[in-house]
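Trainee: One letter stands for each residue in the lines below.
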Amino acid sequence: MTLPFFGDLVVRTDTSRRDFETHPVVMDAVASGMSVQRYRALLLELYHVVWHFNPVCAAAASRMADDLASVRYFLYEHMHEESGHEVWVRNDLQAIGVAPAQTEAHAPGVNTLALNGYNYWAADRRHPCSVLGMLYALEVIASVYGGPFASAIKESLLLEGEQGVSFIGSHATLDAKHMAELRQVLNTVHDEAARAAVVESVQVNFHHFTRIVEAL
Amino acid sequence: MNAPERVGGLQQLLGRPYRTIRLEWTSELRQLRVRTCVRPIQCYSLTAMGELQQVLADIAAEPGMVRHFVMTSDVPGVFNFGGDLALFVLLVRAGDIDSLRLYGQRCVDLIWWMENAARLGVHTTVMVQGDTLGGGLESVLPFHKVIFERGAQGGFPEVLFNLFPGMGAWDFTVRKAGFRVANEMILSGRLYRAEELQAFGLVDLVVDDGEGEAAIEQVVRGVDPRLRGTLAALQARSMAAPVSYDSLMAIVTLWSDAALRLTDRDLRLMERLARAQARKAGGADEGAVEEIKRMELDTAWEETHTGITAWGELH
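So the sequence lines, in the order shown, correspond to chains H and V. Quick note on numbering: the first sequence equals residues 70 to 285 in our numbering. Quick note on numbering: the second sequence equals residues 150 to 464 in our numbering.
Read the hints as simulated data drawn from the structure, not as lab findings. Idealized CB from N, CA, C, for every residue including glycine. Worth double-checking, as some hints may not be accurate.
Said to hold, decoys possible - Stretch-level coverage of chain H by chain V, calculated; a stretch enters the list once three of its residues show a Cβ under 8 Å from a Cβ in chain V:
{"hint": "1", "stretch": "77-86"}
{"hint": "2", "stretch": "99-109"}
{"hint": "3", "stretch": "211-219"}
Stated by the list, open to error - Listed below are several chain H residues computed to face chain V (Cβ distance under 10 Å; list not exhaustive):
{"hint": "4", "residue": "Pro73"}
{"hint": "5", "residue": "Thr91"}
{"hint": "6", "residue": "Val95"}
{"hint": "7", "residue": "Met96"}
{"hint": "8", "residue": "Ala138"}
{"hint": "9", "residue": "Lys223"}
{"hint": "10", "residue": "Leu227"}
{"hint": "11", "residue": "Glu229"}
{"hint": "12", "residue": "Gly230"}
{"hint": "13", "residue": "Glu231"}
{"hint": "14", "residue": "Gln232"}
{"hint": "15", "residue": "Met248"}
{"hint": "16", "residue": "Leu251"}
{"hint": "17", "residue": "Arg252"}
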């Protein structure tokens, strides 16, 4: 049975996903939440990941060859949907005691710089389809682990409703729809160099994201 | 038989690097012991299944090399939690039925090997210490000899999140315990103690906690002198109560279709179980088993207050 590329990608990057999921810090966060200090630190780092998400997509879209027009259009749609989501992170931070000015002044840590730096570099120098690897890793993190993590945070910090978890909580649901769309677009990628770039990007994104959580 | 080839095959088998299993070889009995250790959450991850499949393929490639195949868990308190829940959630959310079916096929390939082990000249024994849930319990049913320590428990909790065990549970439970027991176990989602599973006929031997190792030794040494006759009888048993690969795969197809119809609420229950597994792996006293019991209570509460039972919904 030969799998379409999405299934193949799941199999080829399963170890990276499992390494992220089973990292003791990640497991503890999903099982028991985290202190408000560490949650603030996580959201401050996430703010920069989200802030650079659309520019990375734009960089990739601008370099996408014409035979990958469907991927380019997918990115346009995706950027439109993600536009302004950094505001959700800023609001969540405000709900847990971080003023918007503090959020904007926060200098990202080296792991966040490495994540964003890789994604810009890969879109520019490796292959524009690398961006699909970034999307896959971040959407798996959001849609598979985001829901339980949001529940754990609400329980551990006694937050009410969506206050303080609107970004993570809503992405857990939103990205479920995105996962189905991403599967469809990944299955249109047939070039082996593009596929290899996507696989590498998934591995690197899981790696750096794990380091971000680990360093909190 | 070609002895040097067999040694080469064995060296290759034992010499491979493995992440999720540990192998032990007892040359006197030609016994291969597989200790599973998918840390920190013991489940059938893709890597674990790939490594097991490789071991089984190596054994099948060298007839006569292995006479006894023994499987145990190296993770204290857990034999196996079954499927990789996070992977299921990923594939369901992505609507990826091909990969769900492939995952099911990989599971079926493992149990199909066990089903045919006697034909390959291999007697199989499994010893369960701790919890074995869903696919974990399905995976032990095709073994020739199933040993449980008294503190172990097992069940098929899938119905609690609107799914069913789709990789051999029906075929092997019906064969060993009958239709009534299969119905009760699969449709209730309940967990059962070792003695209950033995009374059903799913477990051959229950021993006190800590006595499992001695029981393996006793079983293997008891079978070894009459291995050829035992294997012939076990092949005949399979013919008398046949299980077919096609039937197993047809059920996998139904399972993957059902998985794709899981709702957000169902997936959240699955995630609740995954969180409980993570808590236990992190050192908490309570884990997936306690969470399943809570989910059973929630279901019972809903039935009491709504009058709707799982059976009622079926009819």
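Trainee: Now tell me if each hint is right for this structure.
Mentor: Hints, one by one, checked against the model:
no.: 1; hint: 77-86; verdict: holds (count 5)
no.: 2; hint: 99-109; verdict: holds (count 3)
no.: 3; hint: 211-219; verdict: holds (count 5)
no.: 4; hint: Pro73; verdict: holds (6 Å)
no.: 5; hint: Thr91; verdict: holds (5 Å)
no.: 6; hint: Val95; verdict: holds (9 Å)
no.: 7; hint: Met96; verdict: holds (5 Å)
no.: 8; hint: Ala138; verdict: violated (23 Å)
no.: 9; hint: Lys223; verdict: violated (13 Å)
no.: 10; hint: Leu227; verdict: violated (18 Å)
no.: 11; hint: Glu229; verdict: violated (19 Å)
no.: 12; hint: Gly230; verdict: violated (17 Å)
no.: 13; hint: Glu231; verdict: violated (15 Å)
no.: 14; hint: Gln232; verdict: violated (20 Å)
no.: 15; hint: Met248; verdict: holds (4 Å)
no.: 16; hint: Leu251; verdict: holds (7 Å)
no.: 17; hint: Arg252; verdict: holds (4 Å)
The structure fails hints 8, 9, 10, 11, 12, 13, 14 (numbered hints given earlier, in ascending order).
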